[in-house]
Amino acid sequence: MQKANSVEQEYELICVIVNFGLGSKALKAARKIGVSGGTIMLARGTADNRWLRFFELTDIRKEIVLMVCEKELGRAALAEIDRVVKFTRPRHGIAFTMPVGGFIGASHHDYEFKEQNGGETSMHRAVFVVVDKGKGETVMEMARAAGVRGGTIINGRGSGIHETAVFLNMEIEPEKEIVLMLTPVELTDRIVAAVREGLKIDEPGNGIIWVQSVTEAYGIVT
Amino acid sequence: MGRQGGRLNILVNLFKDNVKTVIPIAAVVLVLNFTLVPLGFSLIARFLVGSVLIIVGLSLFLFGVEIGITPMGSLTGTSLVKTNRLSVVLVAGLILGFLISIAEPGLMVLAFQVDFVTLSEISAWNLLVVVSIGLAVMVSLGFLRVVVHMSLKLFLLLCYLVIFVLAFFTQPEFLAIAFDASGATTGILAVPFLLALAVGISRLRKDSKASEEDSFGLVAEASAGAIMSVLILNIIIGTQEYAVASLEPIEVTNTAIFLPFLAHIVDAVEESFISLLPLTVCLFVLQKTLFHLERKQFARMVKGFVYAFLGLIVFLAGVNGGFMAIASEIGLRLAMLENKAWLVVTGFALGFFTILAEPAVFVLTHTIEDVTSGYVKRKAVGAALSIGVGWAVAMAIVRILTPSMQLWHVLLPGYIIAIGMMYWAPNLFVGIAFDAGGVATGPMTATFILAFVQGAASAFPGANLLRDGFGMIALVAMAPIITLQILGFIFQARSRKQGVDTGAES
Numbered sequence: 001m002q003k004a005n006s007v008e009q010e011y012e013l014i015c016v017i018v019n020f021g022l023g024s025k026a027l028k029a030a031r032k033i034g035v036s037g038g039t040i041m042l043a044r045g046t047a048d049n050r051w052l053r054f055f056e057l058t059d060i061r062k063e064i065v066l067m068v069c070e071k072e073l074g075r076a077a078l079a080e081i082d083r084v085v086k087f088t089r090p091r092h093g094i095a096f097t098m099p100v101g102g103f104i105g106a107s108h109h110d111y112e113f114k115e116q117n118g119g120e121t122s123m124h125r126a127v128f129v130v131v132d133k134g135k136g137e138t139v140m141e142m143a144r145a146a147g148v149r150g151g152t153i154i155n156g157r158g159s160g161i162h163e164t165a166v167f168l169n170m171e172i173e174p175e176k177e178i179v180l181m182l183t184p185v186e187l188t189d190r191i192v193a194a195v196r197e198g199l200k201i202d203e204p205g206n207g208i209i210w211v212q213s214v215t216e217a218y219g220i221v222t
Numbered sequence: 001m002g003r004q005g006g007r008l009n010i011l012v013n014l015f016k017d018n019v020k021t022v023i024p025i026a027a028v029v030l031v032l033n034f035t036l037v038p039l040g041f042s043l044i045a046r047f048l049v050g051s052v053l054i055i056v057g058l059s060l061f062l063f064g065v066e067i068g069i070t071p072m073g074s075l076t077g078t079s080l081v082k083t084n085r086l087s088v089v090l091v092a093g094l095i096l097g098f099l100i101s102i103a104e105p106g107l108m109v110l111a112f113q114v115d116f117v118t119l120s121e122i123s124a125w126n127l128l129v130v131v132s133i134g135l136a137v138m139v140s141l142g143f144l145r146v147v148v149h150m151s152l153k154l155f156l157l158l159c160y161l162v163i164f165v166l167a168f169f170t171q172p173e174f175l176a177i178a179f180d181a182s183g184a185t186t187g188i189l190a191v192p193f194l195l196a197l198a199v200g201i202s203r204l205r206k207d208s209k210a211s212e213e214d215s216f217g218l219v220a221e222a223s224a225g226a227i228m229s230v231l232i233l234n235i236i237i238g239t240q241e242y243a244v245a246s247l248e249p250i251e252v253t254n255t256a257i258f259l260p261f262l263a264h265i266v267d268a269v270e271e272s273f274i275s276l277l278p279l280t281v282c283l284f285v286l287q288k289t290l291f292h293l294e295r296k297q298f299a300r301m302v303k304g305f306v307y308a309f310l311g312l313i314v315f316l317a318g319v320n321g322g323f324m325a326i327a328s329e330i331g332l333r334l335a336m337l338e339n340k341a342w343l344v345v346t347g348f349a350l351g352f353f354t355i356l357a358e359p360a361v362f363v364l365t366h367t368i369e370d371v372t373s374g375y376v377k378r379k380a381v382g383a384a385l386s387i388g389v390g391w392a393v394a395m396a397i398v399r400i401l402t403p404s405m406q407l408w409h410v411l412l413p414g415y416i417i418a419i420g421m422m423y424w425a426p427n428l429f430v431g432i433a434f435d436a437g438g439v440a441t442g443p444m445t446a447t448f449i450l451a452f453v454q455g456a457a458s459a460f461p462g463a464n465l466l467r468d469g470f471g472m473i474a475l476v477a478m479a480p481i482i483t484l485q486i487l488g489f490i491f492q493a494r495s496r497k498q499g500v501d502t503g504a505e506s
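Line by line, the protein sequences are chains A and B. The first sequence begins at 1 in this note's numbering and counts up one residue at a time. The second sequence begins at 1 in this note's numbering and counts up one residue at a time.
Hints are supplied without guarantee of correctness; some may be wrong.
Simulated crosslink set (EDC-like; lysine to aspartate or glutamate; CA at most 20 Å straight-line) [stated by the list, open to error]: (1) K82/B to E369/B; (2) K25/A to E80/A; (3) K133/A to D207/B; (4) K296/B to D59/A.
Here are the simulated distance ranges between beta carbons [said to hold, decoys possible]: (5) E294/B to K86/A: 54 to 62 Å; (6) Y218/A to L204/B: 35 to 43 Å; (7) K379/B to T46/A: 25 to 33 Å; (8) F298/B to G147/A: 39 to 47 Å; (9) I94/A to L277/B: 41 to 49 Å; (10) V19/B to R91/A: 40 to 48 Å; (11) L154/B to T138/A: 42 to 50 Å; (12) I33/A to P38/B: 53 to 61 Å; (13) P38/B to C15/A: 54 to 62 Å; (14) L154/B to K86/A: 47 to 55 Å.
Partial pick of chain B residues on the chain A-facing surface, computed with a CB cut under 7 Å [claimed, not checked]: (15) I10; (16) L14; (17) K16; (18) T372; (19) S495.
The set of hints was computed from the structure by calculation and includes no laboratory data. Note that the structure is predicted; figures quoted are calculated from it, not measured. Ideal placement from N, C-alpha and C gives every residue a C-beta, glycine not left out.
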């Protein structure tokens, strides 16, 4: 993990959507390759068919796995997850990656946002903060003090570099909260700094932050 | 994600899950059949038909619970809190608690048994109403607890202190009836509804940790209410000697294979109808007064009730027609063997596997996964439950084998341990553990395991069928409280971050 991560480092967000129960396997596969951690959320998927709709048989429990890592590592991790989950077969789930502008946590401490959408400048950025369950509200308070107008807290579970326990052959993934905030570009650095400072993210085990570019945003009052 | 192809996914998945839970039970029975106690073709065939019915019935029922009863419960909880009037919340708690309890088929059976055993000294209606009131009051207080942010540990501690004091003044028969009443009231429909209700009520708390912890505990509080009310009933009417008319063991006279199921279907339809009726009435009343759901959403819930109704009929027909007779036969035949150890081992194995086919257990583990976003996995809770219930059934058998052993010899130390552990166990797991106590005593335990234990007891001239059978249910309700809190300790220890405090620059 102790890679000399220069500011040149490019990060990616890996997003995997699979049937309930496979999320932990996907995360385990990625960690084997060297991804430092990930967060899993519960979700629902739906199917489209008139008869099934009548019998209300359309809902399927899904899991969404989010992982942030260096770009090259992401490629390898995705290949390994594919080997386990087998996305090419029908109904085995989907996976995709998105560029990440900046990442703090899991021993990456150099934060400097880099636009990654081909020079197209955007008005907003999305700030994601993953913390232990119960701290989401604290993050919101810090961010609000720094000028953000609102945010969304999503429940999840996950494991980072400090959480690697196994019990009865299953990974123990403590509960997390993901805070998503859309912020104006000029405010982002201040908010990131406030949360980073408030949570002591530079000390291990206190959470991670990543920031992504947003091309368009509606409904944000400034 | 693909949009074509047969997408009966959820039902198929439920079906697969249930096949996996029923197969081990069938395997234990078949192994016994071919080794220690040959049971004959007709019983085995009935048992296998019963297994298939249970798998189908459980799948339909659980699906109905998922789209009908659970959403209704949590919506009720949330809507009640949103009215922002304490009086509404408390009165609703009383009404809902009373209605689910009074319509519980298991409690009715128990009430009529008590009526019979006490030679109508305590009429069935008396007991039914008293237990329902007790449960209603405790559900209402349980709501109040969440609203005023009182800790579940403290609340449960107070409940059990009251129970201990009351138990001191009651006679042994009533102690057994009280614990059985608590198992009986938290039955197949009450548990999913109460669990969802608690999730709905606590969901609105801003503190996400507290909200998660308050999602559990309501079933436990309701069970405690049932116990208290029976104990109080006994103190009011005073101790007296009852000419205990002992229960007859289940007779195996019928050799037909499908006929018993037909005979049980009528009962099953009636039972399912009665138990679903109050919730269905509530659903329509609440829709008009509180929910005001869109047609489509409401239709989905109604369809869920239809699924649950059909599933319950098939499930009950399967359990009563195929499982009861064989269990009591196995119990009786094993008890007559020279080596009694087989009886204890079989008891453990049956308890271990049967609990996983208990409908409410599936609902509980599912709720836990949803509330904790998958942190506390179904497999872990299932393992803890299996070990606990297996141990409880084995203990019940040991107690039958040793007449000098009283029920409280096991119950008292057990509850002292369970309550003592509460002090150190994580809040979330305390709620889960005490809820699991009520959850474990569902229709599978109350029929299949009870028949096994009573069958074994009937081989001994000295055993009291009523007391020994009831004792088993009390033990099954207690053991998971201990094993799940142990699971809590394990999760607490394993979730701790490694190398954070020591090596700050990992």
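Hint by hint, here is what the structure shows:
1. K82/B to E369/B: The given pair, whose Cα atoms are some 25 Å apart, is violated under the 20 Å limit.
2. K25/A to E80/A: holds (11 Å)
3. K133/A to D207/B: holds (10 Å)
4. K296/B to D59/A: holds (15 Å)
5. E294/B to K86/A: 54 to 62 Å: This hint is violated: roughly 39 Å between Cβ atoms.
6. Y218/A to L204/B: 35 to 43 Å: Violated: the Cβ-Cβ distance is about 28 Å, outside 35 to 43 Å.
7. K379/B to T46/A: 25 to 33 Å: holds (27 Å)
8. F298/B to G147/A: 39 to 47 Å: With a Cβ separation near 43 Å, F298/B and G147/A satisfy 39 to 47 Å, so the hint holds.
9. I94/A to L277/B: 41 to 49 Å: 44 Å Cβ-Cβ, so the 41 to 49 Å window holds.
10. V19/B to R91/A: 40 to 48 Å: Roughly 20 Å apart at Cβ, these two residues miss the hinted range, so it is violated.
11. L154/B to T138/A: 42 to 50 Å: Because 26 Å falls outside the window, the suggested range is violated.
12. I33/A to P38/B: 53 to 61 Å: holds (55 Å)
13. P38/B to C15/A: 54 to 62 Å: holds (58 Å)
14. L154/B to K86/A: 47 to 55 Å: holds (50 Å)
15. I10: holds (6 Å)
16. L14: It is violated, given that the least Cβ distance between L14/B and chain A is near 10 Å, above 7 Å.
17. K16: violated (12 Å)
18. T372: Interface hint status for T372/B: holds (6 Å vs cutoff 7 Å).
19. S495: holds (4 Å)
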